[in-house]
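Novice: As given, the protein sequences belong to chains A and B, one line each in that order. Take 1 as the starting number for the first sequence in the numbering used here and just add one per residue. Take 1001 as the starting number for the second sequence in the numbering used here and just add one per residue.
Treat the hints with caution; some may be incorrect.
Selected chain B positions facing chain A (in silico; Cβ < 7 Å) [claimed, not checked]:
#, residue
1, Asp1420
2, Ser1421
3, Glu1424
4, Thr1425
The calculated DSS-like cross-link candidates involving lysine-lysine, where the alpha carbons are at most 30 Å apart (straight line), are [to be verified]:
#, chain 1, residue 1, chain 2, residue 2
5, B, Lys1429, A, Lys79
6, B, Lys1277, B, Lys1361
7, A, Lys82, B, Lys1429
8, A, Lys67, B, Lys1429
9, B, Lys1070, A, Lys79
10, A, Lys79, B, Lys1277
11, A, Lys52, B, Lys1429
12, B, Lys1429, A, Lys126
13, A, Lys126, B, Lys1361
14, B, Lys1211, A, Lys126
15, B, Lys1357, A, Lys126
Hints listed in this document are in silico derivations from the structure and should not be mistaken for laboratory results. No residue lacks a Cβ here, since even glycine has one placed at the ideal position from N, Cα and C.
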Amino acid sequence: MYSAGIDMGSRTVKVVFLEELKVDGAPQLKWGVKGKHIMFPEDLDADQAAEKAFDEALQAAGIARDKVTRVVATGAGRKQVKFATADVTEVSAGAKGAVFMCPTARTVIDVGAEEGRGIKADGDGKVVDFAGNEKCAAGAGAFAESMSRALQLSLKDFGQASLRSDKTIPMNAQCTVFAESEVVSLIHSSTPKEDIAKAVLDAVASRVTAMARRVGIEGEVALIGGMVHNVGFVQSLKTALGVDQVLLPEMPEYVSALGAALLAAENK
Amino acid sequence: MTYPTEPLKCWKKAKELREQYYINFAKAKEKGGIRWSGSAWALDAIPAGLGNDVYSLTGEPYGAAIAIDKKFNKECQDAAESYGFARDLCAYMRTYWGSIILNKYPFGGEFPKPDFNFQTQICCSHAKWYQAASTLEHNTPTFFIDVSVGAYNTLSKEGLDYVTNQGLEAVEWLEKTTGRKFNDELFIEAVKNEMRSTSLWAAICCENKAKPAPLDEKTMYSLYVLATLSKSSKWCADFYEECLDEVKDRVKRGIAAVPSERCRVMSDTQPPWGFLKVFRYLEEYGAVSIGSLYTFGLEGIWETKPDGSWGPRTLPWEKGIEMHTREEAMRLYCDWNLSKPQWQHFYDPRLKTEMMKTIVKEWGVDGVMLHLNRGCEGLSLGIMENRLGLAAAGIPVMTFEGNMGDEREFDLVRTQNRVDSFMETLDLKREFAHA
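Hey, can you work out the whole structure from these sequences and the hints?
Specialist: Okay, here's the thing in structure tokens:
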């Protein structure tokens, strides 16, 4: 039998299945990732996107739908997942998944498309405290994406470009609109793209670091969410946190879906 | 298990008293009465010495009343901004100014211009509020009393003299401005009424220590507002006597405000008035907001009892202290107001944190929801320090951004999402969604 987690993010839908496995025939159970699937909703509405992503994930994993006993939804669109058994917030799911993937992590920084947040978790992945950005995208992945477009760089090149810069250009980290106008000014003043890219990523890192500090940084720090793929951001974050290492789970964009699947398996 | 519940009987009367207050202000001139305006923290027993036909319009509850009327509120905000006032100023203040600029009173007719403004200064916005209002109203006479003499636990004789002397000076100013003779008996009676009102309100809040809580914060807003309107009036003090009796009876009979009560939270600062449904959303988790330092201490006057608990401040005459003269009454009155809980954090956020920790302990609070209220610089002052202090004490705490009176700065869905996360940390499920 399987448990599933579905993360209805603002840009993508992620699905993870967990299979219940007995260890050496003993009652002890462990959970293995059976399948995962990501899809971009594009112009589908949320209901359709959830159904389509789930069906495609089932097909890819070779699992019959009636073998899935529980589905926990998370993400901004979690309430749109009509077939979910329960739903949990991104905060709970992110912490659960991150601590599962990185057991020594007690501080989780989650930077997805829509929101950045700092989470303090215990050893079971239960949230102790959390903080997030409010009505502003400046601490979120969508901001970095928007700025990469302004610089006419792909997201991948945007992150790599920032690593070539050793400049520190202060940028407004509180408001995307102000920050964008600063980027335009920097472009017009012929500032090299790599310096601008680093300034943008430093600003996002500064913002999410402040959120993490608000809840108190304890233990090791794990970074989850799509921004893990941005090497420049990871470096900016390490600098902002003043640490040599940030734990990066293998499938960062699936961590919240995994956390939801774990909670489904625990029947929470 | 759910608790029995029933509507609060005096709630309707509270609504009627509030409506009558605004009508009385509008119609004061029809009977030759006096109108004055000032904040809910104005020392309103002083103008009460001018007669029994003196009516006030307090600015903050006026702003809150308008905030619930989303269309008119937007008109007021737009009018104030079009006039040139900045959008990040106090939301109540902008609404008030907008109402003057539009010359529109939400309770009918034109904005009823006051004969004078009478104001205390402790919040950074209060002085400018009535200075600008006076200008907009073509120079309404305005008197300010500076009450910023430090926290009550450090109050010196000189500090109390400073405020008391301004109160006595205000009497002379009122006589000169209105042409009326000040009546000391009326003043002393108003001082006693205010002491009764504010001590009784604290006593009502204390009843919420009971489990289940007899009152939820959303209901308390309809009750505490009377003290913000006219705390020195007999009708306000008498209402709180009646209300206290009813709330005590609810406690005795185990009547809950929220039948699904499983968890008790407290809030902080003014709520986003146009979105009080947030409190109903909490109930879907079985969570009741039992109040806040704001609801308890904006007008309630408290003291630490001999056993260390927090309770209503003892009335002077219950301790054998009588008021015979204007000077005696003014001094006691100023001392009473300077102990107001919500004035203390202006001097040191740790004082507020300690009071909040007291509420958490004595009212059995499981978590605190801090409203980072962009609409009120005064009450938001030091709020992140409060968060740190509460978290350091091991108290679960969440923050949400918003604005008490400008809905452009509040996001309901995002706030509910934040509440969802917070409830999950408290191990609560949304199991009373249709309760």
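Novice: If you check each hint against the structure, which ones fail?
Specialist: Going through the list in order, the structure violates no hint and respects every one.
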